[in-house]
Amino acid sequence: MTPNLVLALVVGVLFGSGVILLLERSLSRVLIGIILLTNGTNLLLLLGGRPGEAPILGVTPDAEMSDPLAQAMVLTAIVITLGLTAFLLAMAYRSWQLTGHDEVRDDPEDRRIVRRAKRHELAGPDDNAGEGPWPPPGGVVGADPEQVDPEPAPRRLDDEPGGQA
Amino acid sequence: MLMLLALHLVAAALAPALVHRWGRWAFLPLAVAPASAFGWALGYADTVREGRAVVEAYPWVPELGIELALRVTTLSWLLVLLVGGIGALVLVYCVRYFDADEPGLGRFAAVFVGFAGAMLGVVLADDLLLLYVCWELTSVFSYLLIAHHPEQQASRRSANQALLVTTLGGLVMLVGFVMLGQHAGTYRWSEIAARPPPPGGYLGIAVVLILVGALSKSAIFPTSFWLPAAMAAPTPVSAYLHAAAMVKAGVYLVALLAPVYAEVGPWRPVIYVTGIVTVLAGGWAALRQVDLKLLLAYGTVSQLGLLVVLVGAGTPDAALAGVAMLVGHALFKAALFLVVGIVDRRAGTRDLTVLSGLWRRMPLVCATAVLAAASMAGVTPLLGFVAKEAILGAFRGDPPLLAALLLGAVLTTAYSARFVRGAFAGRPPPREATPTRPVETVLLAPAALLAVAGLVLGVLAGPVGETLAGYPRLFGSIAHPLTFVPASGLVLGLSALAQVGGLLLFALRTPVGAVQARLRAPFDGDTAYQVLSRGFDRFAVALTGATQRGSLPQYLGVILFALVLVLGGALLRGPWPDRIGVSGNPLQAVVGVVLGVAAVLTVRARSRLTAVILAGVTGYCTAVLFVLHGAPDLALAQFLAETVTIVIFVLVLRRLPARFSVRPLRRSRWTRLALGVAVGAVVTAMAVAATGARRAPPVSAEFPGPALSFGYGRNVVNVTLVDIRAWDTMGEIAVLVVAATGVASLIFQRRRGPDRPRRDDLPPPPGAERVWLRAGPTLRTRRRSIVFEVVVRLIFHTVVLFSIFLLFSGHNAPGGGFVGGLVAGLALAVRYLAGGRHELDQAAPVDAGMLLGVGLFVSVGTGLLAMSTGGEVLRSSLLEPELPLVGELHLVTSIFFDIGVYLVVVGLVLDILRSLGAEVDRQIEVEDEPGTGLRTDRPAGPARQAAAGAGAPDAPGGTDSESAGTDSESAGTDSGVAGTEGRR
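Going down the list, the sequences are from chains C and R.
Residue 43 in full-length UniProt numbering sits at position 43 of the first sequence; the count goes up by one each step and never skips.
Residue 391 in full-length UniProt numbering sits at position 391 of the second sequence; the count goes up by one each step and never skips.
So here's chain C without its partners, still in its complex pose:
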């Protein structure tokens, strides 16, 4: 099949502009970028099938028909895009309702980890697989780390006098 340079260029321009808008922060700009991208994608899909006359039996001879499969795929894509657009717009509206703008902000949790990484800290305030720092801040029993009483005292015989020296 001979490529069609004009259509290929149009697809490229749509993709390029779509990508530039997609990388923006404003959700409505991102959405417009997506619309451009889907237009480009639809054209790209269509390019995959051969051009011709409308694929209607009795009107067009079989040999001159354009590729119906690519068209069927694009047709569903068009309507899906409509649903997607409506959904993203509703999101933009909701974002505006809640925050007064429709900007996509950085994820605060991710930023927190980035800050921790810059300060050379650990994932949480803790260490030891979710445990507190070891030895604990108050120090363990005795100074020798080997002399830690690993079975701490609460269940000792506190009720009996002289149980503990």
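Just so you know, these hints were derived from the structure itself, not from any lab.
All of these numbers come straight from a predicted model, not from anything done at the bench.
Heads up, the beta-carbon is just placed ideally off N, CA and C, and yes, glycines get one too.
Some clues are possibly wrong.
[To be verified] Computed footprint of chain R on chain C; a stretch qualifies when at least three of its residues, placed anywhere within it, have a C-beta under 8 Å from a C-beta of chain R:
#1 75 to 81
#2 99 to 107
[What the hints assert, rightly or not] Incomplete in silico selection of chain C near chain R, CB under 8 Å:
#3 N4
#4 G12
#5 S17
#6 I20
#7 S28
#8 L44
#9 L84
#10 D110
#11 A117
#12 E121
Put chain R on the given structure of chain C with help from the hints.
Just chain R, lined up with the frame of chain C:
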């Protein structure tokens, strides 16, 4: 054997219920499980003495060649005895060890019995992979048992540490197993041992990998640190897991492999170096412990090192000494741990600087401890002595090793003495004897039984040695059989030297302590573990911080960059088409230029509305290109969808600020621009290359014929949608339903119940029944255009009829469910734009959700109906009913499928109009009422007129469709500002 494992499993499953019912006495029935393993093993004593094996095998994962292969030989028989016997005794001990109100006892009992079963699996398994599974199960159960007090930090930390060390070792071991198994072609150890595959470079690596797993499980240097920390577990766990059973798994594995692989290059250096270091370091550390349990723990570490050296040495005498020591150690160490538990529970402490005079208060416990400790120190005629004699005899020809082991024996005697004196001896007068509570028989009996067993088996050294001889004979003939009679000559001298030296070391404990205080180990396993785990945590944070920046543009940028790189790189390699056509049609070029300019201007637009309209222009141009490509269906759908899109945009944009917010992203602007250009260029190149590379005839070349003969339609695209590729369409309308639901749930926050938008449930405005045009209550007079309203009312039904015509004719001409649905949706949109939300309700007095649901139901139902009549799902058939008056009807069943599609599309548009149109209108009205917030639930009926009079923007569109854009742009500005101010 499988029955034994199943018995443990059942017991473990029942344990919580039993404990719930009988409290701690439930440990007695639970002890039956390990006791039956012990009894079963006793029954096979003769078989084992004759050197025969007991084998059972069941298919398990035949696809992978894994069998539930169980095999008992001398070595595993011995371990079954230990695991079963000591397990049963420790369970009996648990009855009195725990308080009646001990929390989590049911879980403890279940996990403990489960562990006994897993341990039994380890020693019974003949298949290496089965062994690995049981091995890791013991690690997991051990983790749960160590963390018996999950509320204590030390407990959790120790459990984590033990789990990480042993499972990591286990994973390394698995790699070794796989290497062995793949080279041998089987995972059955008995087969590998009978016909060892030819040695090669892999063998050394595999053996070292397996040793890593075995040594880490047995807490051999440099992974010894986890065992003392694991003493956070309750004492029964320490006695069973960390003295008798689990830590012996590593020793068992070394012993299992030694007959075949002891001669492999790295085997002996690894075993000797790590073993000896462990013997000496463990013994030295035990000498300075003040906690009795830790003293035993370090002693255990030391003796595990000794055991590894013995069974790994690969000589018959050493192996005999090894199995004797294995039994001896299990008996005396378990007994001593149980004694420590008794002291701890009945005297309240196990600090040997605090305890005083216990020998008088609990003489039987003291006697048990002395008996067991004497065995540990190697006093004749106890089993420990028998083993020690055998050791000294076995290594007589290897002076350096002999010296090291002798030093280990000296240390053992010293810490045995330290244990007994520290726990039971009296102190000088000002100190009084530690008060204690009475010790029950059930608590003492297991420990006493184990200690006495050490004595009995020591006296019976000869028969014991003969029974166990099957294992050492794998290495050759035995030169020195076991005996409790002290030998003469060198061995006697060395034995005496060990005892005297040990007692001397103990007597000199004050100066030795001073030396120990100054002499710190240069290498501490626990510190290394901490540094490592910290390092991993740090690395994880750094990696996450470096890759997860939390910025959407950054993520997208990376993805797109990869697209450019990968796709562009692939394109550079070609192949490229020989011939590139410019265009078949000059009109295509003109439309293309317009489209390109519009796209570029969209990027540059600063106002939202301008951007939307320019994007719409690209959409319309795309539609024209569809026409020129020969796709009228697509063009229709694209035109209609683009129009609906613009309407939706305008509905939302009236609420958002007119212009995009000022962008602080100036620095990254060039990056974005470059990335956009690069993606555009790559996609253009891809479009050219991909279309040029297409050689094979497309699958759709076969479509036209069947479209008529099977699909009964002339419009091939439509037949493709509703018949040939109907599954795609089905999925797609489902997506539409989901999207519509999503829109509604984002906008409607009025009801807590179903979020599905229903018809506006406000009471109809007064006199509504008699009003023909419904715009009055919602539109300001200035904005109303009666002409527009009337014209829309007049053409509405015609348009809807036309949409239905498109739906039905679509099978044979451009049109179909999608296009028809969009036309009907547009008709509704125009009604709404002209007359507001009450007009919309009058035009479509149905629930949008109902339309969506019915549509999906009709489509799916058509498919199922086709199946019920014997065809495939979604297969079309032709109905030609004869109707009175009308005549013969030509009806294809797939039209019903298309009707479903039509209804879903109408439902989607109606849902959008209700949500982003009517509901947003209502929110604006509520917002503009004084004293009400944004999300007031109160209906805004009475104040509506006042709000309208106050100049609120209310109409979504304008007075006429031509100027709708500009008008709502200004409206958008107004309401955006008002909205923002209203919130502050």
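With a cut-off of 8 Å, does the beta carbon of L44 of chain C approach a beta carbon of chain R closely enough for the hint to hold?
With Cβ-Cβ at 6 Å, under 8 Å, it holds.
Is the interface hint for D110 of chain C satisfied, with its Cβ closer than 8 Å to some Cβ of chain R?
OK, holds: D110 of chain C within 8 Å of chain R, min 3 Å.
Holds or violated: the hint that S17 of chain C contacts chain R, with Cβ atoms closer than 8 Å.
Status holds, d = 4 Å.
Less than 8 Å between beta-carbons is the criterion; does N4 of chain C satisfy it with respect to chain R?
holds, 6 Å
Under 8 Å is the threshold here; is the Cβ of I20 of chain C close enough to any Cβ of chain R for the hint to stand?
holds, 4 Å
Verdict on chain R covering the region 99 to 107 of chain C, where coverage means 3 or more residues with a C-beta closer than 8 Å:
holds (count 7)
For the hint on E121 of chain C, does the least C-beta distance to chain R fall short of 8 Å?
At 7 Å from the nearest chain R Cβ, E121 of chain C passes the 8 Å test, so the hint holds.
For the hint on S28 of chain C, just tell me whether its beta-carbon gets within less than 8 Å of chain R.
holds, 6 Å
Verify the coverage statement for the region 75 to 81 of chain C against chain R, using a C-beta to C-beta distance below 8 Å and requiring 3 or more qualifying residues.
n = 6 at 8 Å, threshold three: holds.
Can A117 of chain C be said to touch chain R, with a Cβ gap under 8 Å?
holds, 3 Å
Regarding the hint that L84 of chain C lies at the interface with chain R, is the smallest CB-CB distance below 8 Å?
Constraint on L84 of chain C satisfied, holds at 6 Å.
Using the nearest Cβ pair, does G12 of chain C come within less than 8 Å of chain R?
holds, 3 Å
The structure agrees with every numbered hint stated previously.
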